[in-house]
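Chains A and B are the protein sequences, given in the same order.
Position 105, counted from 1, in the first sequence is what this note's numbering calls 105; the numbers after and before it change by one each time, with no gaps.
Numbering-wise, this note's numbering comes out as the position in the second sequence, counting from 1, plus 1000.
Keep in mind that the hints were calculated from the coordinates and are not lab data.
Any given hint might turn out to be false.
Computed beta-carbon distance windows for the label pairs [to be verified]:
{"#": "1", "chain 1": "B", "residue 1": "Pro-1124", "chain 2": "A", "residue 2": "Gly-94", "range": "41 to 51 Å"}
{"#": "2", "chain 1": "B", "residue 1": "Arg-1111", "chain 2": "A", "residue 2": "Val-161", "range": "33 to 43 Å"}
{"#": "3", "chain 1": "A", "residue 1": "Gly-94", "chain 2": "B", "residue 2": "Glu-1122", "range": "48 to 58 Å"}
{"#": "4", "chain 1": "B", "residue 1": "Thr-1084", "chain 2": "A", "residue 2": "Pro-114", "range": "38 to 48 Å"}
{"#": "5", "chain 1": "A", "residue 1": "Arg-106", "chain 2": "B", "residue 2": "Glu-1093", "range": "37 to 47 Å"}
{"#": "6", "chain 1": "B", "residue 1": "Ala-1117", "chain 2": "A", "residue 2": "Asp-104", "range": "32 to 42 Å"}
{"#": "7", "chain 1": "B", "residue 1": "Glu-1062", "chain 2": "A", "residue 2": "Arg-106", "range": "43 to 53 Å"}
{"#": "8", "chain 1": "A", "residue 1": "Ala-63", "chain 2": "B", "residue 2": "Arg-1100", "range": "46 to 56 Å"}
{"#": "9", "chain 1": "B", "residue 1": "Asp-1162", "chain 2": "A", "residue 2": "Pro-114", "range": "33 to 43 Å"}
Glycine included, every Cβ here is placed at the ideal spot set by N, Cα and C.
Here is how the chains run, residue by residue.
2 protein chains.
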Amino acid sequence: MPEPTLLSPKPPAPIPEAVKPDVDAVVEAIVYLYTESRRLTKEVAARYGLTGPQLTVVKMLEALGDLSLSRLSEKIRAQNSTVTGIVDRMEREGLVTRARSAVDRRVVHIRLTPKGARLAREVPVEPMEIVRQVLLGLSEDDTRELLRILTKLARGVKALVDHEAGPPPPPDAPGAPDAPDAPEP
Amino acid sequence: MPEPTLLSPKPPAPIPEAVKPDVDAVVEAIVYLYTESRRLTKEVAARYGLTGPQLTVVKMLEALGDLSLSRLSEKIRAQNSTVTGIVDRMEREGLVTRARSAVDRRVVHIRLTPKGARLAREVPVEPMEIVRQVLLGLSEDDTRELLRILTKLARGVKALVDHEAGPPPPPDAPGAPDAPDAPEP
DNA sequence: CGCGAAATGTTCGCATGCGAAACATTCGTC
DNA sequence: GACGAATGTTTCGCATGCGAACATTTCGCG
């Protein structure tokens, strides 16, 4: 059966009446968790003179060390043009520095300054912290089950997205299609 | 425990270190699903001359009829000041109209114009459509299970958030507080 | 070697998105 | 029935957030 593609002119498959309330509720919950977490992160960040995305960047650089701007963009799921602006303002605040790579002169390495590193250690929360906290209150079974189904969902979305983008390369990849973001060395 | 989390259960609970990778992965998946869905919604909306939020507003007004600006803000989980701008641009495009309430002159009713209503019928997708589509591919059991745990998560987050706002009652409330947003008549 | 494609960042214009303050209107209360 | 609190909306300043166009640099491949 030809996948109903979101980007094709054809309408996607209609949603059966029976499950629609559940689907609506799941979507509602995801939107709620994301937006509420972002709001809280922003609030906490403000207490340290940071914006939400700036807190995310600081924590990311603390965890992973120096990153190129592109790499940083992937990690925080934003476009390069967005991150350029964020880094501009952080550089102005003395939180990070830009350094052209000697190896590949297209690349710019973003690095925490001592001030930025101090802030990273000082701020006690991660992005989406509130979701993390509540997750710790769930049973291990629930957490694992949640992860199992969310992973299915994410892979399904990724498959659809890749499908729309262009003819997929032969599905002979060793593992399953990439998880949203595979952890790496 | 790094933090006095109000929700941690019993002593035999696992070390947080053990579940941290799962927590990280769940958070990662939620962020992925939200941001990817938003990106796709925006892309589809653009084909109809709309922005992502404008599509959301059009669909909301089609489903619920006229709404006050405040009500609309709640529904799309944005602040009034944000929605004022969105409505400004939609009004300029002839998609909606503003009408002062005769009953309460503080209130502004937002209403779809015929052009806006036509667009609403024409656009075949809902916000977060891709998540909806993939959810339909899951088993009913998985969907229900996902909803069950996400609801727990959302209620836990809501409890924590409300908790911050007011004086701290012990976190042992028997009936969970309101769901993030109950469907209404 | 050489040239076009691809990768990396930046700039630009526009649309959110938010909080604080300003404003208008209504409500509660004495 | 007046006044202060509460509610609804807008304005303002700033920080994302994105796509398109562009400059620079590297890569691929004959």
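Verification of the supplied hints:
1. Checked against the hint of 41 to 51 Å, the pair B:Pro-1124 and A:Gly-94 passes, with Cβ atoms roughly 49 Å apart.
2. A C-beta distance of roughly 35 Å is found between B:Arg-1111 and A:Val-161, which places it inside the suggested range of 33 to 43 Å.
3. Checking the proposed 48 to 58 Å range against A:Gly-94 and B:Glu-1122 shows it holds: the Cβ atoms sit about 51 Å from each other.
4. The given range of 38 to 48 Å is respected by B:Thr-1084 and A:Pro-114, whose C-beta atoms sit roughly 42 Å from each other.
5. A beta carbon spacing of about 40 Å between A:Arg-106 and B:Glu-1093 agrees with the range 37 to 47 Å that was offered as a hint.
6. With their beta carbons about 53 Å apart, B:Ala-1117 and A:Asp-104 fall outside the hinted range of 32 to 42 Å.
7. Under the hint 43 to 53 Å, the C-beta atoms of B:Glu-1062 and A:Arg-106, about 47 Å apart, fit the expected range.
8. As the Cβ distance of A:Ala-63 to B:Arg-1100 is approximately 52 Å, the hint placing it in 46 to 56 Å holds.
9. Between B:Asp-1162 and A:Pro-114 the CB atoms are about 39 Å apart, so this pair conforms to the stated range of 33 to 43 Å.
When held up to the earlier numbered hints, the structure conflicts with hint 6 and nothing else.
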